[in-house]
Amino acid sequence: MITVIYFWKVKPKFVPIAIFYMAIHRRAVRKFPGVKFAKLLGTGKGITFTPLDASALRWGILLTINKSDLNKFEQSSIIKSWQRIAISSYTAKLKPISSHGFWSKQQPFEIEDTPWQGDGKIVAITRARIAWLQNIKFWRAVPPVTNSLHNSPGLIAAIGIGEAPIGLQGTFSIWQDSASLRNFAYKGEAHSRAITATAENKWYSEELFARFALLAESGELL
1 MITVIYFWKV
11 KPKFVPIAIF
21 YMAIHRRAVR
31 KFPGVKFAKL
41 LGTGKGITFT
51 PLDASALRWG
61 ILLTINKSDL
71 NKFEQSSIIK
81 SWQRIAISSY
91 TAKLKPISSH
101 GFWSKQQPFE
111 IEDTPWQGDG
121 KIVAITRARI
131 AWLQNIKFWR
141 AVPPVTNSLH
151 NSPGLIAAIG
161 IGEAPIGLQG
171 TFSIWQDSAS
181 LRNFAYKGEA
191 HSRAITATAE
201 NKWYSEELFA
211 RFALLAESGE
221 LL
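The sequence shown: position 66 = 66 (full-length UniProt numbering), numbered continuously.
Just so you know, these hints were derived from the structure itself, not from any lab. Cβ atoms here follow ideal geometry from the backbone N, Cα and C, with glycine treated the same way. Misleading hints may appear alongside valid ones.
[Stated by the list, open to error] Quick list of simulated restraints, FRET-style, between CB atoms:
| # | residue 1 | residue 2 | range |
| --- | --- | --- | --- |
| 1 | I19 | I47 | 19 to 25 Å |
| 2 | S98 | L57 | 28 to 34 Å |
| 3 | N151 | L52 | 18 to 24 Å |
[Said to hold, decoys possible] Distance condition first, Cα-Cα at most 27 Å in a straight line; then the derived DSSO-like pairs of lysine-lysine:
| # | residue 1 | residue 2 |
| --- | --- | --- |
| 4 | K72 | K93 |
| 5 | K36 | K95 |
| 6 | K93 | K105 |
| 7 | K67 | K95 |
| 8 | K105 | K95 |
| 9 | K13 | K45 |
| 10 | K105 | K36 |
| 11 | K93 | K121 |
| 12 | K121 | K36 |
| 13 | K67 | K121 |
| 14 | K31 | K95 |
| 15 | K36 | K72 |
Please work from the sequences and hints to get the whole structure.
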């Protein structure tokens with residue numbers, strides 16, 4: 001299995017088509033041969049990581065698929081339809097290193113028994129289903145963590161991702177190495193406070209944090 005994430009930027013005039021693709025491709029991607037897990041994603045600009053950050057100009061697909069079926073998927077009408085309306089694209093092929101939690105009641109990323117010993121860029125994907133009554137408290141806590149993230153040594157890029165602008169919140173970030181990500185996640189004061197508050201206030205009804213080795217990437221994310 002391999003995890004792959006795709007992002008496409010479109011011109012404003014193609015936004016209605018992108019929304020249409022999000023609707024019609026949902027089932028097609030999930031039913032594609034070899035696909036174990038798939039999510040179609042909206043994105044945020046990566047500035048505030050709040051609903052106001054949502055961008056209608058960038059869309060994505062995240063999937064876990066058999067390696068033998070990946071080439072067929074990348075030659076499929078699904079990918080080609082996005083390529084036709086995109087002004088730029090980004091693809092990352094990922095190897096899961098660790099994953100904690102659930103996404104839609106699933107554990108989507110298979111971790112090999114042999115620990116990852118490689119070096120190089122690391123990708124982090126977070127996803128949370130925010131408990132409805134906790135939305136306001138959650139969004140109030142976001143700015144300090146966002147500031148800490150943007151100022152973190154080793155951060156290459158970060159954007160918001162999600163299945164919906166409100167209630168289903170996630171991030172996709174690329175880091176220079178594992179140490180940089182660990183320092184932000186576990187040593188940053190703002191993020192540490194947010195982790196504590198999450199446990200105390202039960203902000204999430206479901207959450208996931210996963211780390212990946214970045215095996216290959218192409219195109220432009222930002």
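Each hint, compared with the structure:
The beta-carbon spacing between I19 and I47, approximately 22 Å, falls within the hinted interval of 19 to 25 Å. Distance hint check for S98 and L57: the Cβ-Cβ separation is about 32 Å, which falls inside the suggested range of 28 to 34 Å. The beta-carbon spacing between N151 and L52, approximately 21 Å, falls within the hinted interval of 18 to 24 Å. A hinted pair counts as satisfied when its Cα atoms are at most 27 Å apart, and K72 with K93 qualifies at roughly 15 Å.
Restraint check for K36 and K95: the C-alpha separation of about 15 Å stays at or below 27 Å, so the hint holds. Straight-line distance between C-alpha atoms of K93 and K105 comes to about 24 Å, which keeps the hinted pair within the 27 Å bound. Proximity of K67 to K95 is assessed by CA-CA distance (about 11 Å); at most 27 Å being required, the pair is judged to hold. At most 27 Å may separate the alpha-carbon atoms for a hinted pair to count; K105 and K95 meet this at roughly 21 Å.
Taking the CA atoms of K13 and K45, the gap is about 19 Å. The hint holds against a cut of 27 Å. At most 27 Å may separate the alpha-carbon atoms for a hinted pair to count; K105 and K36 meet this at roughly 14 Å. A threshold of 27 Å between alpha carbons decides the hint, and for K93 with K121 the separation of about 12 Å falls inside it, so the pair holds. Between K121 and K36 the alpha-carbon distance is near 25 Å, which keeps this suggested pair within the 27 Å criterion.
With a CA separation close to 21 Å, the supplied pair K67 and K121 stays within the 27 Å bound. For the hint linking K31 to K95, the alpha-carbon distance of about 22 Å falls within 27 Å, and the restraint holds. For the given pair, K36 sits about 15 Å from K72 by alpha-carbon distance, which is consistent with the 27 Å threshold.
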